[in-house]
Amino acid sequence: MDNVIKCMAQQLRDGDIAYTGLASVPAVLAIALARHWGRDVTFINVAEIYEPKDMIIKVSSGDPTSFIGGKGIVTSLDAFDLARRGLLDVMFFSAAQVDRRGNMNLSVIGSYEKPRVRLPGGAAAAYLYRRARRVIMWLKEHSRRTLVEHVDFVTAPGPTKYGPHLTVCTPKALFEFDQEVGELVLTGLFPGVTVDDIINNMAFKPRIKEPLRILETVTAEELRLLNRWDPDGVRYS
Amino acid sequence: MVKSKLMSISEALDLINDGDEIAIGGMSFHRNPMAMALAIARSNRRDLALIDREPGLAFDLLTISGRVRRIRAAMVTFEHFGIAPGFRRMVENGEVEFIEDVCEGVMAGLRAGAYGVPFMPSAIALDSDLVQLNVKRGIWKVIRNPFNEEEEFVAVKAIRPDVAIIHAHKADEKGDVELQGPKYEDLLKVQAAKRVIVTVEEVVPEDYFRNNPDKLTIPGFLVTAVVHAPRGAWPTSMYGYYEADYKVIRKYFDAVKSGSNIEEVLRVFSNV
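Protein sequences, first through last, are from chains A and B.
Just so you know, we're using our numbering here: the first sequence kicks off at 1 and counts up by one.
Just so you know, we're using our numbering here: the second sequence kicks off at 1 and counts up by one.
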């Protein structure tokens with residue numbers, strides 16, 4: 001998971017305004033890591049604590065006491081209005097399933113009326129997944145059940161040729177949505193992972209953009225920082 | 001002489017009728033109106049409906065209480081503990097009806113309710129599978145932009161809950177309220193609802209607001225009832241007052257997940 005967080009952090013750029021939602025500890029840590037590297041990222045969040053200086057991760061990424069030294073309150077209403085005006089640079093999501101077209105599912109596994117698993121629901125996905133400029137997605141698991149040919153339910157439809165820019169970080173690889181072909185394309189992999197290993201563990205065969213980037217793994221110093229921010233290891237849950 | 005709005009929790013319960021739609025304040029494990037939620041869970045109310053954007057403990061507890069027939073939310077999560085356990089059980093078993101919404105939809109509907117207009121345009125993606133479901137339910141409609149015929153969008157019907165229940169920091173007996181820190185959509189809920197119950201950590205004299213006019217968040221004319229409920233958000237957090245008690249929330253999660261009935265689950269909140 002630490003490498004996934006680093007992959008997410010590397011998608012952040014100077015000048016970004018980024019928002020994190022509930023159940024999003026990896027996203028919060030990605031912002032902390034990018035800011036530690038000196039990237040100028042403005043941080044707004046579902047806890048509504050604006051621009052915290054430091055953090056102690058809790059079970060809830062919406063916990064206001066988790067964010068230390070904030071400058072005030074910026075509500076989710078205001079953050080989502082910003083996105084609707086086209087000014088939110090980055091939104092983070094995870095999902096139970098993502099497919100070739102970048103569609104995501106956080107609603108049900110199985111049929112909608114009689115689900116095998118009733119998932120929590122997509123929160124802002126069916127809206128921010130289209131209105132944020134960039135979406136950084138993470139998957140805890142790189143597998144045939146998370147990377148599927150067709151999602152069981154389209155909670156949020158994948159990007160169009162107009163946007164947003166979608167990247168997906170998994171424990172094995174990085175995918176980027178290609179606006180021209182309308183598909184997720186494999187663009188990077190972690191050291192020691194083979195292309196076969198990536199493709200055999202997903203349910204669709206992605207296009208590959210050569211040459212594949214070798215993704216960086218966390219350094220000892222970065223791991224020390226992640227452990228300081230998240231001493232209980234909530235990011236692994 | 002203006003009548004005091006201060007009342008006991010059981011008097012406030014009388015403001016809730018069978019079949020009412022209730023907007024729940026707070027979010028996730030933060031500033032949930034737990035004192036009132038527990039009172040409703042132990043009452044004999046029936047066929048209630050709940051609405052919130054990203055609810056947590058109070059909403060989940062009410063969902064398994066047997067008092068609730070229908071729930072509407074954008075995401076019901078216990079975050080890094082897992083899927084909200086009562087929600088999952090009741091929806092998978094078909095014991096409550098779940099209207100799956102989107103943050104944008106709940107916000108737009110509450111805004112329309114608060115603004116006193118029949119609907120609100122939204123930026124919900126038209127090709128989400130949720131669109132046809134919620135159009136069929138009659139709460140969303142795909143309409144054309146009257147100023148640009150080529151553009152379509154989802155209009156969300158105004159949400160006018162019968163009751164909003166909010167836990168806040170301080171209030172005087174006229175219902176003037178101070179709400180510190182994160183607001184979530186609580187102010188919209190207060191404006192959109194027909195009746196408003198505010199439980200508070202502290203009841204203050206009217207002079208508190210006269211001496212500190214910047215502290216007023218909600219004017220008393222929007223509030224129906226004030227209930228003095230110290231630690232009334234526990235075990236969820238109360239900004240500036242106390243932190244979330246994750247041990248108790250975990251206990252609740254485990255109890256519900258293991259299939260405990262509502263009486264057993266309620267004991268999680270009385271044994272501490």
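Please note that the accuracy of each hint is not assured.
What the hints assert, rightly or not - No farther apart than 27 Å at their CA atoms in a straight line, the calculated lysine-lysine pairs in the BS3-like style are these:
hint, chain 1, residue 1, chain 2, residue 2
1, B, LYS141, A, LYS114
2, A, LYS140, B, LYS215
3, A, LYS161, B, LYS247
4, B, LYS141, A, LYS71
5, A, LYS53, B, LYS215
6, B, LYS215, A, LYS114
7, A, LYS140, B, LYS136
8, A, LYS140, B, LYS141
Since the hints were derived computationally from the structure, they do not count as laboratory data.
The model shown is predicted, which means the values in this text are computed figures rather than measured ones.
Do the hints match the structure? See the list:
Note on LYS141 of chain B and LYS114 of chain A: the hinted pairing holds, with a Cα-Cα distance of about 25 Å set against a maximum of 27 Å. For the suggested pair LYS140 of chain A and LYS215 of chain B, the alpha carbons sit about 43 Å apart, so the restraint of at most 27 Å is broken. Proximity of LYS161 of chain A to LYS247 of chain B is assessed by CA-CA distance (about 47 Å); at most 27 Å being required, the pair is judged violated. For the hint pairing LYS141 of chain B with LYS71 of chain A, the CA-to-CA distance comes to about 39 Å; that exceeds 27 Å, so the pair is violated.
Only pairs whose Cα atoms come within 27 Å are accepted, and LYS53 of chain A paired with LYS215 of chain B is accepted, the gap being roughly 26 Å. Distance check on the hinted pair: LYS215 of chain B and LYS114 of chain A sit about 49 Å apart at the alpha-carbon level, beyond 27 Å; violated. The straight-line distance between the Cα atoms of LYS140 of chain A and LYS136 of chain B is roughly 34 Å, outside the 27 Å bound, and the hint therefore fails. With a C-alpha separation of about 36 Å, the suggested pair LYS140 of chain A and LYS141 of chain B falls outside the 27 Å cut-off, and the hint is violated.
The structure fails hints 2, 3, 4, 6, 7, 8 (numbered hints given earlier, in ascending order).
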